[in-house]
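Just so it is clear: in the sequence shown, position 421 is 590 by the working numbering, and no numbers are missing.
Worth flagging that the hints you see were computed from the coordinates, not collected in a lab. Worth double-checking, as some hints may not be accurate.
Said to hold, decoys possible - Computed list of lysine-lysine pairs in DSS-like fashion (alpha-carbon distance at most 25 Å, straight line):
1. Lys630 <-> Lys595
2. Lys560 <-> Lys488
3. Lys792 <-> Lys774
What the hints assert, rightly or not - What follows is a set of in silico ranges between Cβ atoms, one per label pair, in the way DEER data are often shown:
4. Gly476 <-> Ala337: 31 to 39 Å
5. Glu759 <-> Lys780: 26 to 34 Å
6. Leu597 <-> Arg768: 42 to 50 Å
7. Ala547 <-> Gln709: 46 to 54 Å
8. Pro561 <-> Ala337: 56 to 64 Å
9. Ala584 <-> Ala337: 51 to 59 Å
10. Ala584 <-> Ala613: 25 to 33 Å
11. Gly487 <-> Val624: 35 to 43 Å
We put the CB at the ideal spot given by N, CA and C, even for glycine.
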Amino acid sequence: MSAQKASAPVRFAGLAVAVALVVLAAAVGIHLLRERGGPRPEGVKPPPDDRVVDLKERVRHEEYRDGKLRAAIRGDRFFLGPDGLNHLEGTVEVTDYGPAGEILSLITADKIAYDKSAVLFALSGRVRVEAGDIVLEGDSFDYDKDNGLFRTASGGVFSSKTMMGRAAEVSYDESADEVRLAGGFRAELAAAGRDGETAVLSGDSFIYRRRERRGRAEGRAEFAGSRWRGTARILTFDAAEDEDSFISVAFDGAAEVKGRVFAAEVDRGAPPAPVLPGPGLGSPAPAADPDRGGVAADWIGLFFVPGTSQLSSVQARGKMRLSLPLPEASGSIVRASEALLTFRADGELDRWSASGGFRAELDGGADEGRVLEGESAAFDASTRLLRASGKPGRPAVADSPRARIEASSLVAGPAAGDLEASGDVKCLLKPGEEGRAAGIFSAAKPVFVSGASLVFRSGTKAFSFAGEVQAWQDGEFLLAGELDLFEATGEMRGRGGVAAGMTRVPTAGISGRRIEVGGEDMSSSAAGRVLSFRKKSYAQMPGARLGAETIDAVLGREGKGVDTLTALTSVVVSKGRYEGRGDRAFYEAEADRITLTGRPVLVDKEGGSSKGDKLTFDLGDGKIRIENEGQGRSTIVVKS
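Construct all of the structure, not just a fragment, from the sequences and the given hints.
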């Protein structure tokens, strides 16, 4: 759609009246052949003989300048009608030539009528106006010579080498080089670099300023490319200098852009979904519908790779809603104040980011909905990671039916369901029928965990916390440098110094007493309800302390409270001023008793020691029994 070389309607005005010069009078011809806006002659002179070369029964006029053909006019007949207008009818054709003999404009119609001042013209019957690369077509057009305006209200077509538009009302302002379509329109624009493909624009009205290469559509505006389509109340675009491609397209007011371009990750089949821990991980997901992907906002801007119809980026702001179909979820929705999407050189979605407060909703089916919230989020297709960040006073949040996680930042991926959290992590493990007891914690009640970082891997269904980890449920608690919770098996592992605070299994007349068991490392067995502590292990209970290299704690039914303790290697039992040493110790919560064996020795811190085959510490009554077996079997009772 390059600019036209000359003012076609002005030339047409002069040429049309030249027909009247042949049929009626020389004065009208001289009047019309002058340039628009120039002085008009007061008198009338006959045309020079060299300006008319052929006059036949049918109207024909040719005009020469400097010996070169400059205009040719044909028509079946001319007459002055009862309406006072001049009429030229019957296959009317007006051709204007340039200095080199090139055709500058060609106008054809069945009828042409014009006033005596040669200012207002009416073209009717198969009208076609060609000027440079501009073409106007329709059943009728009005032309205002002084204002340089072609217009029709009975339906017409405007076209150029890269654009074709049809509307109920079509107008073209030659001085401004501006096209207007109204009353409902549809325009097709060639897609650069894609033979046979077009972008389709429609709406109530359209203005295209060719000199500025800028277009504007209003009222139910819709624009569709090969892999996307958008709608809005108002649409504007900037075309490239050669008009073969777009620089940008903007949708304003209830804007929405959707299509296959947003589903590129689905097509490749390997995107991560920011899936949070929950039931049903790894189960097949419904097939994604590429056309469901898209973005809605108050304003959306599309930006293109120079010289092509390929998207380079999409910006959105104001109540932004981003929909992305993902294989691991039946649908995902991101809501934010602003968003930016960028595309790779091959046209595939590369990354997206959301800011100004966001909420990502992932629908994985019944009871599997997941939510991410925070200040900003970014997804990178090359790493398959979704990063979410919070701000002071508003942490990033990941919420699912099984867990709620708060942290300064969250990272989902690369595998479906994987999640990492860092910075003041707080986690709520929700109760559920399908959950398993984890160590000292019951599956029937929520578990709270805090730490510096968290890693969840969907393959193992393991929560790995690190950095001054604290976990608690009702009165039970666990402290560790690092803590792993395995959702599938109910196992629990701790490292870097572990301490577990538990209630003792209630016995007759005794309840609510607590025991704290710790060590450098800890592991649990859900099947055997056993917590195993290794390296510098200890058990602190009311009135006594048990130390050993290893301690195994057997939990009560449903994993609640301590039933028994078994300590091995370098065992030390401290009670008051007495200290018992041996190779093995066994604690019974119901009897509230510690039994020390393996060549035990009882040492009095005030001096003296006693040996026996077994030392028994009764924590309830404070008595210590030293027992010797064999022929000299004896028992010594010491009050601690």
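Item checked: Violations among the numbered hints -> none
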